[in-house]
Amino acid sequence: MDLSLLNQTLRDERQVKAEIEKIRRILTRRWVLMEICGGQTHAIMQSGLDQLLPPEIELVHGPGCPVCVTPLELIDKALAIASRPEVIFCSFGDMLRVPGSNRDLFSLRAGGSDVRVVYSPLDAVKIAQKNPDRQVVFFAIGFETTAPPNAMSVLQAKALGLKNYSILVSHVLVPPAMHAILSSPHNRVQGFLLAGHVCTVMGYRDYLPIAEQYRVPMAVTGFEPLDLVRGIYAVVKMLENNEVQVENAYARVVKPEGNLAAQAIIQKVFQTVDRNWRGIGRIPLSGWGLRPEFTEFDAEWRFEVGDIQTRESPLCIAGQILQGLKKPFDCSAFGDPCTPQNPLGAPMVSAEGACAAYYRFARNPSTVKG
Amino acid sequence: MPDSSFPAMEGPVCPLPLKHDDQIILGHGSGGRLTHDLIQNIFLPYLGSPPLLSGDDFARLNRSNGELIVSTDCHIVTPLFFPGGDIGRLAVCGTVNDIAVSGAQPLYLTAGFILEEGLPIRTLVRILESMRLAAQEAGIQIVAGDTKVVEKGKADGIFITTTGIGFLPEERIINGHQAQPGDVILVSGSLGDHGIAVLAERGELGFSAEIQSDVAPLNGLIQALLIAAPHTHVLRDPTRGGLATTLNEIAVQSRVGMLLYENRIPIQPAVQAACEMLGFDPLYIANEGKIIAIVPPQEAEAALQAMHSHPYGKSASQIGEVTREDTGRVLLKTSIGATRILDMLAGEILPRIC
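If you read the protein sequences in the order shown, they are chains A and B. Our numbering applies: residue 6 is where the first sequence begins, and numbers increase by one. Our numbering applies: residue 2 is where the second sequence begins, and numbers increase by one.
Worth flagging that the hints you see were computed from the coordinates, not collected in a lab. Wrong hints could be hidden among the right ones.
Stated by the list, open to error - Some chain A residues close to chain B (C-beta under 8 angstroms, calculated; not the full set):
no.	residue
1	Val-21
2	Lys-22
3	Ser-52
4	Gly-53
5	Leu-54
6	Pro-230
7	Ala-356
8	Ala-367
To be verified - Pairwise CB distance ranges (calculated):
no.	chain 1	residue 1	chain 2	residue 2	range
9	B	Thr-79	A	Glu-26	49 to 57 angstroms
10	B	Pro-170	A	Arg-139	57 to 65 angstroms
11	A	Arg-34	B	Glu-277	31 to 39 angstroms
12	B	Glu-250	A	Gly-117	31 to 39 angstroms
Yeah, the Cβ is synthetic: ideal placement off N, Cα and C, and Gly gets one too.
Can you make the complete structure from the sequences, with help from the hints?
Take a look at the structure:
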């Protein structure tokens with residue numbers, strides 16, 4: 006589609022408000038919905054959609070910000086690897102400002118380390134080809150969405166016979182995180198907006214068992230205001246009718262089975278492993294790591310980086326925010342001293358982090374519906 | 002355009018004289034013969050004004066009536082050439098525009114060059130020719146200059162610092178402190194063109210984009226605007242940090258609020274598309290040929306018309322107004338009709354993950 010027409014279509018005031026009116030007509034009570042994906046949190050705050058929704062709808066923000074949930078220990082490992090003189094450390098831009106225990110990749114770069122922002126892991130493979138005498142490491146983080154290109158970069162490096170390319174992997178998966186949230190005794194979430202991009206890759210069949218187990222309806226949801234309102238409407242309608250289904254409110258992009266070619270590449274390179282989630286803790290079988298036959302491309306195997314002592318800011322409540330238990334405004338450090346320039350925790354860094362979205366678009370509680 | 006292969010060196014030189022007419026070497030900064038040749042044969046043919054040609058270490062200038070306006074700006078850009086411009090045009094226009102937003106007519110410019118050893122002379126010549134054309138368009142003279150050469154690896158081809166001088170002809174007070182509640186906020190055209198054009202030329206977008214930088218001298222547009230709207234309160238060019246950062250600065254300086262309408266902010270489709278894909282917001286992307294004008298409401302229509310009839314203001318738009326409430330804040334009425342904060346840029350613009 007022509008992206009320049011967004012304001013006349015998926016961001017059109019009249020259409021969005023008409024869809025919100027549909028929600029208002031079926032609402033009989035208060036509901037708590039979680040949008041899983043940080044991209045959706047960002048879109049909600051950027052468009053101001055939260056202000057237009059009926060007050061009965063409370064949106065809580067999920068853990069779907071890859072930068073936010075990457076464990077501190079891994080960021081410290083990244084910093085240790087990136088500071089080695091033979092290493093060219095490549096990363097998506099968001100990761101550069103995420104605080105490790107006592108510094109970030111930006112400050113390493115300023116100190117002379119070779120840290121580069123790339124837009125795709127395949128660019129990192131090209132850098133490895135061009136610099137045969139250096140070790141190129143790509144910081145492979147993210148949810149199911151970024152896994153196909155990251156896996157592809159490993160396959161490409163293998164095909165090219167590259168001995169100087171490796172990835173530092175911290176892939177995490179949405180369904181185990183939903184289990185963790187829903188099985189918590191403090192859980193407030195009654196319905197889910199599923200992450201459209203993740204479902205584009207993986208499909209949405211895996212979610213029905215979760216929906217049924219916890220009696221929580223879900224809708225696959227896109228990222229534009231009209232997409233989001235349609236997803237909210239689908240979930241509210243199921244809640245009001247006491248139905249538990251997984252509906253696809255983003256059918257123009259997402260197929261039930263997802264992208265099978267992408268899934269095949271993921272399966273070839275990655276296997277399911279336990280993962281630590283920053284702020285949440287260890288979740289069994291909640292991530293992907295390299296299969297044994299690709300160990301030589303594993304940066305943790307290639308570089309000895311033991312003895313990492315992590316230290317989190319005692320003020321930061323990122324864990325509770327990522328589980329939807331608290332909102333950024335509930336944090337005593339929000340805005341002072343924690344800001345995007347001086348972040349204490351990862352959700353204040355990434356554009357997809359809930360704290361950064363609140364700071365950028367709402368700043369104080371008076372401009373946000375509680 | 003003069004031939005770039007300037008005459009061979011004369012006089013006593015080493016046993017096997019090498020001609021250094023294809024790239025910059027450290028000797029070009031020595032202050033000796035090579036420096037002399039570089040200035041005489043490369044710089045002066047392009048930048049020569051009467052004060053420069055006099056050969057003295059200073060420029061003696063005629064003054065006009067009014068207050069002296071001075072501004073200085075350092076220019077670094079990778080790549081040196083990009084669609085719609087280059088570092089030379091940027092170096093002239095950047096300083097011309099900083100002077101022009103005071104309401105003054107820029108008259109003189111000085112230029113300092115840091116050249117990296119190995120810079121091809123033909124590259125330097127292209128840049129100087131571009132500076133000449135931009136200076137001609139802006140109607141200013143380049144009256145003094147200096148060149149230094151640094152070792153390879155200690156600069157990025159060429160850095161240019163320019164200082165501009167202009168005179169404010171009458172008691173005109175245009176600055177960031179003058180915005181008043183009720184004023185109307187205008188922008189002279191589409192936003193984000195320069196920043197995205199440079200990114201695209203660096204090959205960092207991963208796709209090609211037919212986007213031209215907007216780099217241009219704006220003193221002509223500003224003079225036309227000031228005739229139509231003589232009581233203009235604020236003029237500023239939204240360069241680094243983009244529209245959002247610039248308006249936030251003005252809101253703080255003037256102790257006012259601002260309300261913008263997202264749907265009225267002109268953005269080219271290609272720029273919008275590039276930003277959507279990369280997760281950038283065009284309101285934070287640099288411009289080099291746009292002005293923001295904050296004018297009293299009774300002059301808004303005339304100001305807009307004056308901009309529309311100038312080549313650099315054809316897609317000018319009224320994007321918002323100055324408010325008494327929300328002091329120091331810029332609010333944005335979004336396309337879906339909600340209102341949110343439009344904050345300053347925090348740190349570097351980072352492409353998002355997914």
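Inset, instruction - May I ask which of the numbered hints given earlier this structure violates, with the numbers listed in increasing order? - result: none
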